[in-house]
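Here are the chains, one letter per residue:
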Amino acid sequence: MKKQLVPYLFLLPALVLFALFILYPLIFNSVYSVYTMGSNLGDWNFVGLANYKAIFTDFVFWRSLRNNFLFLAGVIVFGTSLALGIAVLLDKSFQGRSFFRTVFFLPYIVSWVVMGLIFVRIYDPYIGFLNLFLKYIGLKSLARTWLADPQTALPALAAVFIWKMGGLAMLIFMGGLQGIPTQLKEAAEIDGSSKTRIFFHITLPLLRPIIAVVVLLLTIYSFRIFPLVYTTTRGGPHYATEVPVIYLYRLAFQYYRFGEACAVTVVVVLILIGFAALRGRISGQIQYE
Amino acid sequence: MPKKGVSWIRGGFYLLLGTCAVITMLPLIYLLALSVSLYRESFTVLLWPHSFDWLNYVEAWLTARLNIYMRNSAMVTLLALSVNMLVGTLAGYAFARFRFRFKELFFYLFLGSLVVPGVATLIPLFINLKALGLLNTYSALVFPYAAQALPLTIIILRGFFQSLPPALEDAGRMDGASEFRIFWNIMLPLARSGLIAAAVLQFVIHWDELVMAMTFMTDESKKTLPAGLIVLQGQYWTDYPVLAAALITSLVPLVIIYAVSQKYFERGFLVGSFR
Chain A
1 MKKQLVPYLF
11 LLPALVLFAL
21 FILYPLIFNS
31 VYSVYTMGSN
41 LGDWNFVGLA
51 NYKAIFTDFV
61 FWRSLRNNFL
71 FLAGVIVFGT
81 SLALGIAVLL
91 DKSFQGRSFF
101 RTVFFLPYIV
111 SWVVMGLIFV
121 RIYDPYIGFL
131 NLFLKYIGLK
141 SLARTWLADP
151 QTALPALAAV
161 FIWKMGGLAM
171 LIFMGGLQGI
181 PTQLKEAAEI
191 DGSSKTRIFF
201 HITLPLLRPI
211 IAVVVLLLTI
221 YSFRIFPLVY
231 TTTRGGPHYA
241 TEVPVIYLYR
251 LAFQYYRFGE
261 ACAVTVVVVL
271 ILIGFAALRG
281 RISGQIQYE
Chain B
290 MPKKGVSWIR
300 GGFYLLLGTC
310 AVITMLPLIY
320 LLALSVSLYR
330 ESFTVLLWPH
340 SFDWLNYVEA
350 WLTARLNIYM
360 RNSAMVTLLA
370 LSVNMLVGTL
380 AGYAFARFRF
390 RFKELFFYLF
400 LGSLVVPGVA
410 TLIPLFINLK
420 ALGLLNTYSA
430 LVFPYAAQAL
440 PLTIIILRGF
450 FQSLPPALED
460 AGRMDGASEF
470 RIFWNIMLPL
480 ARSGLIAAAV
490 LQFVIHWDEL
500 VMAMTFMTDE
510 SKKTLPAGLI
520 VLQGQYWTDY
530 PVLAAALITS
540 LVPLVIIYAV
550 SQKYFERGFL
560 VGSFR
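Sequences listed follow chains A and B, in order. Quick note: the first sequence uses the numbering used here, first residue 1, plus one each step. Quick note: the second sequence uses the numbering used here, first residue 290, plus one each step.
Read the hints as simulated data drawn from the structure, not as lab findings. Any given hint might turn out to be false.
Okay, derived cross-link-like pairs now, SDA-like style, lysine to any residue, Cα gap no bigger than 25 Å in a straight line [as the list claims (entries may be wrong)]:
| hint | chain 1 | residue 1 | chain 2 | residue 2 |
| --- | --- | --- | --- | --- |
| 1 | B | Lys392 | A | Ala277 |
| 2 | A | Lys140 | B | Lys392 |
| 3 | A | Lys53 | A | Pro13 |
According to the in silico footprint, chain B covers these stretches of chain A (three or more CB under 8 Å from chain B) [stated by the list, open to error]:
| hint | stretch |
| --- | --- |
| 4 | 19-26 |
| 5 | 185-199 |
Glycine residues also receive a C-beta, built at the ideal position from the N, C-alpha and C atoms.
Okay, chain A solo, but in the shape it has when bound:
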């Protein structure tokens, strides 16, 4: 009898910690989302779906979702291709390979807060690196008020995201590339295929599960860009960089509309679970091919 309990004893501390600090708060979140709570935290009132109605009629909410998805799309397209490109370049052994690998991975270690604070300065229109550099090489006309211009603000942040996450994606792709059997590629070469054809018709399809992992990773991380946005634009200009987590934070800790903030959280979590489930479906299909 005791023997059967042992696994559960091993698992128990983890379950308790998890339940107390992840599970219960998540459940409470859903509960709170149907109440209103103001700055006087003890004061709850049941309001049914009113919070949800409030956020669904708030254009900032929809704008924040749209921004996050645009951000995500840009990051996936550019980040993945860049990381994959570099991974391919670093695939074969050569002099200095680990040096380059370290260099490209370095930005990943830099914390989001630090990165945000660096790029606030880099993007500064008057004394920042980017515009100074453009002036220096004679491309002054390309200079912008990067973070203050609604059109460039989001892409500017996306560039920072790619800078940081690219290294991680590259590392994952490198691992995936090494998993591709060289015999396949050599056989195709002997048959006379060019390197590009080999890449697109053999390597790439075999990399699909890895690409899926990277995309999922980027998706999960793209919803966690709070430090990045908070240190740079805080959602401005004119909500051009407003994302759900910023919106949530502002509702809760600036306007003290906790109930609505919880509603936003519930929606975001559901979206993320949806993504993960979708990915599970897709990779399941690949398995059968």
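Fit chain B to the known structure of chain A by using the hints.
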């Protein structure tokens, strides 16, 4: 790739990689240059300071109270690491080595929480911690951090334990050792790479966490590094070189940890996680 007569390609290859590498390093080089610049000269700095002023670092450390923020971050991170590693390793071992009912269910529960962002638990935790009077204490951050990193530790350690041969356990069992002793004395020491990988990954995550740190610790003397840097951003808005010095200093622990664990990092990371 390098063959006779194609040195052009080889040169171009290195040029391309080199350019990308330089671009990648630019922001950090710029930061470094700014951190040793004199304030009044810092407005036209590109990549090299006009003169060297090391006082920025002194000011960041003392006047800007970086030492306090670092100390808080170190405490919170190490405590969270300890709790998490202890709890998570036990669980990872259970998933790898035992058969029990609901095993799949529990595992997917942990796995699923990876998708959930930290902010999802922010508000309820804030409300409950405030009610319990635990705001502005280390516990407010240590336990949520430890819990959040649990899936990570469990996945990595499970993968690692699964790769160890079962013969070792069986030998232990035949000698009459209890399951816990088998775990503690035999299996755990063998999983060193996995432990280090999980610890390093976590360290980076905890060291960097902003939202909870900002929300739960309003008392300045209790703030961790990320929250403290936000405060500095406000205070040193115009005197960027000092802020730059603070930023560089805050990167040092991370770089050290990463460099030291280089050997263990890649092996454990790739073996344990992505199926």
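Hint by hint, here is what the structure shows:
Of the supplied pair hints, the one linking lysine 392 of chain B and alanine 277 of chain A holds, its CA atoms being roughly 20 Å apart against a limit of 25 Å. Restraint check for lysine 140 of chain A and lysine 392 of chain B: not satisfied, since their Cα atoms lie roughly 61 Å apart, outside the 25 Å limit. At roughly 40 Å between alpha-carbon atoms, lysine 53 of chain A and proline 13 of chain A are farther apart than 25 Å, so this suggested pair is violated. Only residues whose beta carbon comes within less than 8 Å of a beta carbon in chain B count, and the stretch 19-26 of chain A has 6; three or more means the coverage holds.
Under the rule that three or more residues need a Cβ within less than 8 Å of chain B, the assignment of the stretch 185-199 of chain A is violated, with 0 such residues.
The structure shown violates the earlier hints numbered 2, 3, 5.
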